[in-house]
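J.: Which chain is which? The protein sequence lines are A and B, in order.
Our numbering applies: residue 1 is where the first sequence begins, and numbers increase by one.
Our numbering applies: residue 127 is where the second sequence begins, and numbers increase by one.
Simulated from the structure, these hints should not be mistaken for laboratory data.
Keep in mind that this is a model prediction, so the values were computed, not measured.
Treat the hints loosely; a few may be bogus.
[What the hints assert, rightly or not] In the DSS-like style, the derived pairs of lysine-lysine whose C-alpha atoms are separated by at most 27 Å in a straight line are:
| hint | chain 1 | residue 1 | chain 2 | residue 2 |
| --- | --- | --- | --- | --- |
| 1 | A | K48 | B | K281 |
| 2 | A | K48 | A | K103 |
| 3 | A | K62 | B | K563 |
| 4 | A | K50 | B | K308 |
| 5 | B | K281 | A | K62 |
| 6 | A | K91 | B | K491 |
| 7 | A | K48 | B | K563 |
| 8 | A | K95 | A | K48 |
| 9 | A | K50 | B | K508 |
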Amino acid sequence: MEIEECLFTKEHEWVSIDGDVVTIGISEYAAGELGDIVFIELPEVGKKVKQMDPVGTIEAVKTVAELFSPVTGEIIEINEEVMDNPEIVNKDPYKEGWFMKIKMDNSSELDVLFSYEEYNDFLGEE
Amino acid sequence: MTGTIFDKGLHGRSGKYIPENDCPVDEALLPIQRKSSLGLPRIAEQGVIRHYMELASKNYHIDKGIYPLGSCTMKYNPVVNEEIARDNSFCGLHPAQDEADVQGALELIFNLQEALCEICGMDSFTLQPAAGAHGELTGIMIARDYFRERGEDRKFVIVPDSAHGTNPASVSTCGFTPVTLKSDERGMINPADLKEIISSETAVLMLTLPNTLGLFERDIGKIVKIAHDAGVLIYMDGANMNALMGIVQPGKIGIDIMHLNLHKTFSTPHGGGGPGSGPVGVREHLSAFLPIPGVVKKMDNFEFSWGSEKSIGKVHSYFGNFNVFVKAYAYICRLGAEGLREVSENAIINANYLMELVGRFYDVKYPGPCMHEFVASAVNLKEHGVSTLDVAKRLLDYGVHAPTVYFPLIVKEALMIEPVETEKKETLDSFAEIMEKISYEAANNPDLLHEAPVSTPVRRLDEAYAARNPDFRWHERK
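Next up, chain B with everything else stripped away, as it sits in the complex (with noise of 0.2 Å):
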């Protein structure tokens, strides 16, 4: 395993990046002059170099090969956005110039703004929040504060067994508590079970839109209006929408509130930490309820609008994830909406024929048809004692980085597959192949799993250990 780069320094050597002092130094401050040696590491610059070469040659990412990582839409992220969102005249701005010099990057946020509004027929967004889970939080406040307008008093957030973990987070965060609703024996939301738990007290239904399974639900219309009866507002998490673009708008089928993952249906890379980038998007009888400032159009000028006293504030500072925005609307650009159509309806028919491959050697709970993931399972290997982690650190050994596992939750031995639009059909073919062999070493040889991986920088790590007795801090070598 390669140590850090201070594991690699040695006393007296340095790239010397910093020029000697040729000012003079306030007497005032001497006391204060730092006695003890910076801690930086002392190395060359070639040893700096090759550092971090070698560790970004261990490094697997989308541009070596899939990333089915279900859940996370790890698509191919066109160079073309890079280049435009490092031009200067982008990257070169401060937020806090003047209106009248930032026309062309307010012009880009308003276009986003209404782009979005299109595709996902929403009346106004905002894209202040800094990626999904703030996006969720963002739109529950605004349910909160639409209720407390009205003078509810709504305690309750319903959200499915299948929607994404950071929900019922996102919910209790907001002071809501959430209610689980189970889904049924489809892997779908049964309008009865709804009808059930709703009440007079619910304030927001909290659905994830196709669901964690990978399903879109096929009673949406009975659902919305089981809903809106009850004056429950619909919040759908559209970390999703990877599936839906340029087929479903849901603010047409009765979608109140959503958020959506510029990150990754709009493709920025993403997965290291960001930035990302989570808008939300609301139709008209909520948009008062948007953070300021948004962007508005007055005449050929664009500007900032500090909006309606209802608002709820900055959710972030100045006005979000700026480069993430310019990657987002070059994607959607170059692509129109056409393109965008075609990258979802690649994304369902990859996503189908690899559960058609996959589904040949492990178990699909819901059979589908799915839309851009489904979710498999393992637990036809249990009774070689093999088990999805197994399957996953063993995928490693074969070069390939494993799917999402044990997610969701209502799937025993869950391993969550999403190919993605970008993945031609070869990349898939071999990636199923590889999970056939897989699946005959479980049966034939099962300690080739149990012992996997055994070609990768380190072997298997011990989570169980690293969750107990977390670690963060580096410590020197003495």
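Isolated chain A (complex conformation) (with noise of 0.2 Å):
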């Protein structure tokens, strides 16, 4: 995966597309922002969500934030690898630093996310 091919939400997530199954995750400035990740929580394989459903709780030192879903579908697959070890996510966010895998219902929905420049558009406007 390439981040520049990834759409972005204003939540600062990463959305990466593999036919119907897409991949989240936050962006490097969510987690810069963020700073120490100490815990993840994240839904059950197999629970049925909508667009924009809180999907997890990220907690850092400072603060917590939670992780919306960009799609409606049904989360097939999580990164159990984070919960463990939430550092990841500040030391590699866009690859080993993933959330989860929602197979989608409905790709049109893909629609209203940010693209790598409009995200970076976005960014500067914050």
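Take each chain as given, in its own frame, and dock them per the hints.
T.: Right under this line is the structure:
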């Protein structure tokens, strides 16, 4: 996966697409803003989610953030590794630090997401 | 760093507190007699005293200096409260004593219930909850049973993003689903946004007033109307009541349920783990749901009322943390109505004065005027590579307790500052001067901040490591 090919949400998540399955994680900017991540809670595999449903909690030393599903669908895989070793997300947010894979119902929901360039512009405005 | 008292022990030493057994021992007990040592620290009385004196001298507390921990209301606690609470006629009571023998204590509970009703404009209060979050849970349970009785199936509780962090947790614990309401560019609830997400499935609107930005909701009238029109109950987190005493009676502006933190607003030393007290007040239509027992007056007697069948039941053993009631009641009696209003007025004036001074060197996103606290931000120091954490740690080097940091979450690099009413102008000036100095240090010598604190018993702790590898047990040094 090349990060330039990913889509991004306003909540600073990246979304990588492979057919009808999306993989999600948080952007390097988000990982940096959160600081040292110490705990991650992810939902069970098989859970059905709607677009923008909270699908996890990321706890850092100074704050707590929620993870939102960018699409409607079913969670088919979660990254157990990041729950055991949350620092992976700080070290490698785009590869080893992925959170979950979701089988999406409707790919048109992706239309509202940012491209890599649009996301960078969005960061500039923040 | 000081070791634990166990580290200071030496084999053979002891305080000899326990007398030799001079009673006959039942032979049947011998097989289960303890064989190993009790594992108590081997240290003589003077060693114990010195150990704890050393720890106490390293402690920072409100009796040493300003403690501007936002949201916590670290005010000076008058000594008279302690004296009264420690009087044997109060602290010598047992909660299982007969009502007739504890009329004075019951009278105090009754009078405190009445005083809180008057201060808050509520119709009845329970004093049982042990602290703020416990009060929230109690309040939400009352709302749950209220809707259950009406046969209404409402699932959601709206919680603004400017509320206390415990609110959504209390909501979830009670079986509701919290829905976040984003505050607008003023840092307040926008009635139009509220209208959009409120529905017949909404049970409660749970707001913190003043909110965690230290702001009073300007549209409270409209907010109340929108909620009540939708059949929604309004819960007020009253942890910030230090800003409203004698100025706003929440019950009179339409709040249905609220809690107070007696240990904050009504002056009990806190922050060391309690005990606290989080009474919950309701208006008449909810009185029947309050926990039992309460205390009522019949003729000239005070007695427990085991109340209505609708009650949510007990939420605390016996009657709550009585010792805190005594302090709160002493505080209220000593100040009176006028005095309580002055408390809030001075808390507000102090916060606004300090906001003006601190705002010259730090970002203040919501410039107020504020109520009893305000939220500044060190985001303007980011260009020097300095974070709010660095500022907070540097404050310790100047012998000052840091404010609440990184809360509320809606302000980046937040510094939440609550000076409280009991600090005099000179103390506020000196705090502001230190904040100013630190902002200069950030620009000219940022490493001073990165390395801070240098003058405390322990240097900067690795919080991430501690959170990832928690170890709460003491291990004997071999």
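J.: Give a verdict on every hint.
T.: Here's how the hints hold up against the structure:
Simply put, A/K48 and B/K281 have alpha-carbon atoms about 19 Å apart, close enough for the 27 Å limit, and the pair holds. In summary, the hint linking A/K48 to A/K103 is supported, as the alpha carbons are separated by about 9 Å, within the 27 Å threshold. Pair hint A/K62 plus B/K563 holds up; C-alpha atoms about 24 Å apart against a cutoff of 27 Å. Under the criterion of a C-alpha separation no larger than 27 Å, the hint pairing A/K50 with B/K308 is consistent with the structure, at around 20 Å.
Note on B/K281 and A/K62: the hinted pairing is violated, with a Cα-Cα distance of about 31 Å set against a maximum of 27 Å. Distance check on the hinted pair: A/K91 and B/K491 sit about 32 Å apart at the alpha-carbon level, beyond 27 Å; violated. As the CA atoms of A/K48 and B/K563 are separated by approximately 53 Å, the hinted pair breaks the 27 Å bound. Restraint check: the Cα-Cα separation between A/K95 and A/K48 comes to about 24 Å, which is no more than 27 Å; the hinted pair holds.
Distance hint between A/K50 and B/K508 is unfulfilled; the C-alpha atoms sit about 37 Å from each other, more than 27 Å.
In summary, the structure is inconsistent with hints 5, 6, 7, 9 from the numbered list given earlier, while agreeing with the others.
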